[in-house]
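Undergrad: Each chain is listed here by its residues.
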Amino acid sequence: MAHSAEIDSKEAWGGGRSPFNLSYGKIFMWFFLVSDALTFGGLLISYGFIRHKYAEVWPKAEHVFTHFPFVEQHIPLAYVGLMTFILIMSSVTMVLAVEAGHRMDRKGVITWMFWTIVGGAAFVGSQAWEWYHFIIGTDDGALRNVWDPATNAYVKQIWHGANMTVNEYGVPQFANYFFFITGFHGTHVFSGVVINFIIFLNVIKGTYERRGHYEMVEKVGLYWHFVDLVWVFVFTFFYLL
Amino acid sequence: MSEFHDNYPQYEVMANHGEEEGKKNRSVLWKVFWVMLAITIFELVVGFLAPSKGWSGTLWLKTLFITLTLAKAAAIVLWFMHLKHEVKFFKWAILAPYIVFMFYTIFIILTEGTYSGSSGHFTRVDKIFIEQQAALKHGHHDATHSEGAAHEENHEGGEHH
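Taken in order, these protein sequences are the chains called D and F. Mapped onto my numbering, the consecutive letters of the first sequence carry residue numbers 1 to 241. Mapped onto my numbering, the consecutive letters of the second sequence carry residue numbers 242 to 402.
Check the hints yourself; a few may be wrong.
[Unchecked claim] According to the in silico footprint, chain D covers these stretches of chain F (three or more CB under 8 Å from chain D):
#	segment
1	265-271
2	277-290
[Claimed, not checked] Capping the alpha-carbon separation at 20 Å, the derived lysine to aspartate or glutamate pairs in EDC-like fashion look like this:
#	chain 1	residue 1	chain 2	residue 2
3	F	294	D	36
4	F	272	F	262
5	F	265	D	105
6	D	156	D	139
7	D	107	F	262
8	F	332	D	36
9	D	60	F	367
10	D	205	D	105
11	F	303	D	105
12	F	368	D	105
13	D	156	F	367
14	F	303	D	56
[What the hints assert, rightly or not] Going by beta-carbon spacing under 8 Å, a handful of chain D positions derived as facing chain F:
#	residue
15	56
16	85
17	86
18	124
19	125
20	144
It is worth saying that the hints were derived from the structure and are not from the lab. All C-beta atoms in this analysis are idealised placements derived from N, C-alpha and C, irrespective of residue type, glycine included.
Turn these sequences into a full structure, and let the hints guide you.
TA: So this is what it looks like as structure tokens:
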């Protein structure tokens, strides 16, 4: 930025220079993230629309997500709070890896990227656990009209858990949006862990040491923070509101 | 592959910094983290208390949660993703299209949302849900699968696919 005044405008438009004083890779990572954020924004807004439409019968999150591992009591929101903590924490370790990269501190990058990958994997595991409990449901279950293809009619029965058409906790739309939005986010987290792991191996091999800069860590860091950013919104709209 | 990638020019931004500047940056990042953690814990405590205090679904609670969420989002984008320190034009190239599109979509959905469901005509919900939600509101948790919810004449079911 300090050098922007010195750029000759003829030279600036002549090519061979990346705009915004940023590298090509980082600019396009940002553009990709904007498009991805539009997708998530669209999903969450459509979720809001459907939720408003079925407002009076929409299940409350504190009645749905009440489990905590190894604990018998129902503690609503505790587990998702832990998941949020894990993801924010892994965002911090990622940014510390980027900062270590700026100092060409290879050891620091390795340490912090390692913890980022551990945090990401823990988050994906937690989400799988949450899905599992959502799908199998409670012991009590709830009375539902379930479509019976044999007789082509709805049959009343006690239903446990949720799938795409029947949902113990309330209207099936709740489960549909839960599966789709947290699933889409979980896919992002999973691919983020894989990408982080590949870059982690490169750091160990010394690829960026030879290159003279750790910009690649910065680029995957942008993606990783984006995953955290999306979760902040999913957490609010699915669990808190 | 790596021969090609190793040859791209280095940028001003990637100028590596020293130990001292790193220390300063780290202290800022940790501060941002503690603020975000405090916000999240506060949200969880309020969310935990909400049902028993009768706050659920109130306008001020929704406003509070959305405001805190936007604050956290801003912290991630500005400090963790480093957007605060990018060139001014780049900030706007990233934020302006997104903000415009989101406001537009939210405006459209709020406008259309007032038509949907308000007449009750287009929303066909299984009566079981309405009865169970009413039972939940009155605190009869066991009524979720009780006989009260099942009027035998209500056989048509809700989902018309």
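Undergrad: Each hint: holds or not?
TA: Hints, verified against the model:
Restraint check on the segment 265-271 of chain F versus chain D: 4 residues with Cβ-Cβ distances below 8 Å, three needed, restraint holds. Taking a C-beta to C-beta cut-off of 8 Å, the segment 277-290 of chain F contributes 8 residues in contact with chain D, enough for the three needed, and the coverage statement holds. Using a Cα cut-off of 20 Å, the hinted pair residue 294 (chain F) and residue 36 (chain D) is violated, with the two alpha carbons roughly 38 Å apart. Among the hinted pairs, residue 272 (chain F) with residue 262 (chain F) is consistent with the structure: their alpha-carbon atoms are about 16 Å apart, no more than 20 Å.
A C-alpha spacing of about 16 Å is found between residue 265 (chain F) and residue 105 (chain D), which places the hinted pair at or below 20 Å, so the restraint holds. The suggested pairing of residue 156 (chain D) with residue 139 (chain D) holds, with an alpha-carbon distance near 17 Å, which does not exceed 20 Å. Restraint check for residue 107 (chain D) and residue 262 (chain F): the C-alpha separation of about 18 Å stays at or below 20 Å, so the hint holds. Proposed proximity of residue 332 (chain F) and residue 36 (chain D) is supported: the alpha carbons are some 17 Å apart, at most 20 Å.
Taken as a hint, the residue 60 (chain D) and residue 367 (chain F) pair is honoured in the structure, with Cα atoms around 17 Å apart against an allowance of 20 Å. For the hint linking residue 205 (chain D) to residue 105 (chain D), the alpha-carbon distance of about 14 Å falls within 20 Å, and the restraint holds. At most 20 Å may separate the alpha-carbon atoms for a hinted pair to count; residue 303 (chain F) and residue 105 (chain D) exceed this at roughly 44 Å. For the hint linking residue 368 (chain F) to residue 105 (chain D), the alpha-carbon distance of about 63 Å lies beyond 20 Å, and the restraint is violated.
Taking the CA atoms of residue 156 (chain D) and residue 367 (chain F), the gap is about 12 Å. The hint holds against a cut of 20 Å. For the given pair, residue 303 (chain F) sits about 16 Å from residue 56 (chain D) by alpha-carbon distance, which is consistent with the 20 Å threshold. Look at residue 56 (chain D): its Cβ gets to within about 6 Å of chain F, closer than 8 Å, so that hint holds up. Taking 8 Å as the C-beta contact cut-off toward chain F, the hint placing residue 85 (chain D) at the interface holds, the least distance being around 7 Å.
Of the supplied interface hints, the one on residue 86 (chain D) is violated, with its beta-carbon coming no nearer than about 11 Å to a beta-carbon of chain F, more than 8 Å. The beta carbon of residue 124 (chain D) is not positioned within 8 Å of any beta carbon in chain F (closest approach about 19 Å), and the interface hint is therefore violated. Violation of the interface hint for residue 125 (chain D) is found here, the shortest Cβ-Cβ separation to chain F being roughly 20 Å, above the 8 Å cut-off. Checking residue 144 (chain D) against chain F by beta carbon gives a least distance of about 6 Å; that is within 8 Å, so the hint holds.
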